[in-house]
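Colleague: Residue strings, one per chain:
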Amino acid sequence: MALKARAKETLAAYLFLSPNLIGFIIFTFLPVFVSLFLSFFKYDILNPPTFIGVKNFVDLLGFHSEAGKTVANDPKFWQYLWNTVFLMFSIPLCMMASLGLAIALNRKIKGESVFRTLFFLPSICPGVAIAILWLWILNPEFGMLNNMIYWIGKLLGFDLPGPLWLNSLGWSKPSLMLMNLWIGVGGFNMILYLAALQGIPRDFYEAAEIDGANGWQKFWAITWPQISPTTFFIFIMSIIGGFQGGFMQAYIMTGGGPGGATTTIEYYIFNNLYTWQNAGYAAAIAWFLFLVIFVVSIINWRFGGKLVHY
Amino acid sequence: MEIDKSLDRAKHRSAAQAKERTLRISAYVVLIIGALSMIMPFLWMVTTSLKTLNAIFVQPKNWIQMFVPTMLVWQNYVDAWTKVPFGQFYLNSIIVGMAVTVGQVFTSSLAAYAFARLTFPGRDKLFFAYLATMMIPGSVTMIPVYVLMRVFRWVDTYQALIIPAIFSAYGTFMLRQFFMTLPKDLEDAAKIDGCGFFRIYMTIILPLSKPALATLTVFTFMGNWGSFMWPLLVTNTMTMRTLPIGLESFKTQYSTDWHLLMAGSVMVMLPIVIIFIFTQRYFVESIKLTGVKG
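Residue numbers (the working numbering), protein chains in the order written: chain A, 13 to 322; chain B, 179 to 472.
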């Protein structure tokens, strides 16, 4: 009887699961392995794939000697990897700003929900519309940003020329970082910080006040350690997101330029797959990206508990 | 002696109050600066969308000229709407968005019920597999699925836009977390009355989970509305494009008509902004539930 009931429950469970599970297997689970499989092939989607062993990975990650110098087989890939990492340097700044806003919001402010809505807005808007808007904001001649820089210069009494932003080799990455800061500062990270701040028991602060701690001391002794799990979580998630980022900006705003300065790994994968119909190479890059993210996640699991103070 | 002490205390208190006030004021300053920098780009977008082409390429002399248009050229919106088939893009986005949302909420809630409430062999391993795939970069799975769409000849069809987007590990995870928090007593009572699993799911679990289901609905719909890379891969013709891809092709064709581009961007953003304003509490809710971004 009990056995029959259990069999019935198992059957029911798999019936409940099946619509999702079948799709999950076809569109997520199997493709992970098909991707790995494809990375050992030359495949242009039209013709049948040809097995080429680890050639894609050698082309991607290997080096060869050229006129006595060691040269990467695919120097572009390393440039794009560096671009991707460079764009992530804005993460700490973005997190600090999120925390600042969350701390300000946490002070029983009037109109809290209005502020929260405003801060959240950029992160929920369709990315394409935001990218086009920022393309216009960053327009060197008539954009909002350079207009404002010009006025500030006039206010200070001299001619302040704004940079060429996306058209300039040096400023193109900072431009995108500024835009990402604007998008990300008030979104999920701020809400996560706000929730963490609200979770700190009031009496911690009261005890510190009795001991005569000032605001700064209270922040470093109580707030910062108490929110460190959140900080760590946001940091790891931002890194994982950062490695996969930059596609939309490159596709819509810069075309990856100037001189490949804004091409990220994700955009390189897309171009290999779609523009150059080189699915095997795209799969190899994607798997490399997967391994990088896997390592970051391992660090998260291994050290996440140790680095943070509960 | 006593009086001195209480005077001291009062002084102390007023000092603390003054300090508290400074902190509050600085909090407001931070928030107002933040709010201004958030709102200015949007304001500028709307202003640009209401200017004539000539007025855009004039350096504004002051703040007022920059953010307040001297005339309201609503015709820009009509022009943008008719230059490319925005109506068709809207229709496609709505069809795809609704189908994906319904599909995802339906399949995710069924699977989540099994994971949260039923015991069966392989449950924990399977759930772990679901969780683990959330860590895999989208591009890894996207490549074979794109190849599959080409092989199936699904490029430029609604199936290609809808079906691969339905099956979500995230949705299953989020609903499972919520179902776990529901009390079991009602179900136990229903079981004693001879209720089957499907009836429990329909009459107890789903009605109790309205907030979580609403959260997933809003999340999925809004996420899909902004979805870019996948629709770009699997659509080639104007008639199948969703709004983001349509807006992008509009941008390529009219790359210097900033007044029209801004009008187009406003049209793409507006529905999402309106939905968000009415449903924002669900966003906060989902974050509390999973601690994960959508």
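Don't read these hints as lab results, they were simulated from the structure. Cβ coordinates follow ideal geometry from the N, Cα and C atoms, glycine included. It cannot be assumed that every hint is accurate.
To be verified - EDC-like cross-link-like pairs, simulated, lysine to aspartate or glutamate; straight-line CA separation at most 20 Å:
(1) A:Lys20 <-> B:Asp371
(2) B:Lys197 <-> A:Asp71
(3) B:Lys229 <-> B:Asp435
(4) B:Lys239 <-> A:Glu221
(5) A:Lys54 <-> A:Glu78
(6) B:Lys197 <-> A:Glu21
(7) A:Lys67 <-> A:Asp86
(8) A:Lys230 <-> B:Glu198
(9) A:Lys81 <-> A:Asp71
(10) A:Lys16 <-> B:Glu198
(11) A:Lys67 <-> A:Glu78
(12) B:Lys369 <-> A:Asp223
(13) A:Lys54 <-> A:Asp71
(14) A:Lys16 <-> B:Asp435
(15) A:Lys81 <-> A:Asp56
(16) B:Lys229 <-> B:Glu198
(17) A:Lys20 <-> B:Asp334
As the list claims (entries may be wrong) - Not close to chain A: a few residues of chain B, all C-beta gaps over 12 Å, as computed:
(18) Thr260
(19) Ile314
(20) Val318
(21) Val329
(22) Tyr336
(23) Lys362
(24) Asp371
(25) Met416
(26) Gln458
Colleague: Are the hints correct? Go through all of them and say.
Modeller: Here's how the hints hold up against the structure:
1. A:Lys20 <-> B:Asp371: The hint holds at about 17 Å.
2. B:Lys197 <-> A:Asp71: violated (63 Å)
3. B:Lys229 <-> B:Asp435: Within the cut-off at roughly 11 Å; holds.
4. B:Lys239 <-> A:Glu221: The given pair, whose Cα atoms are some 51 Å apart, is violated under the 20 Å limit.
5. A:Lys54 <-> A:Glu78: violated (25 Å)
6. B:Lys197 <-> A:Glu21: violated (63 Å)
7. A:Lys67 <-> A:Asp86: Holds, at about 12 Å.
8. A:Lys230 <-> B:Glu198: Roughly 14 Å between the alpha carbons, so the hint for Lys230 (chain A) and Glu198 (chain B) holds.
9. A:Lys81 <-> A:Asp71: holds (17 Å)
10. A:Lys16 <-> B:Glu198: Distance of about 67 Å is beyond 20 Å: violated.
11. A:Lys67 <-> A:Glu78: holds (19 Å)
12. B:Lys369 <-> A:Asp223: The hint is violated at about 57 Å.
13. A:Lys54 <-> A:Asp71: holds (12 Å)
14. A:Lys16 <-> B:Asp435: violated (70 Å)
15. A:Lys81 <-> A:Asp56: violated (32 Å)
16. B:Lys229 <-> B:Glu198: violated (46 Å)
17. A:Lys20 <-> B:Asp334: Violated, because 42 Å separates the two Cα atoms, which is more than 20 Å.
18. Thr260: With a cut-off of 12 Å, Thr260 (chain B) remains clear of chain A, as the shortest Cβ separation is near 19 Å.
19. Ile314: violated (6 Å)
20. Val318: Contrary to the label, Val318 (chain B) does not stay out of reach of chain A, its closest Cβ about 5 Å off (not over 12 Å).
21. Val329: At roughly 8 Å from the nearest Cβ of chain A, Val329 (chain B) sits no farther out than 12 Å, so the non-interface label is violated.
22. Tyr336: The claim stands: Tyr336 (chain B) keeps its Cβ more than 12 Å from every Cβ of chain A (closest is about 16 Å).
23. Lys362: holds (15 Å)
24. Asp371: holds (16 Å)
25. Met416: Fine: 16 Å to the nearest Cβ keeps Met416 (chain B) off the interface.
26. Gln458: It is violated; Gln458 (chain B) is separated from chain A by about 6 Å at its closest Cβ, not greater than 12 Å.
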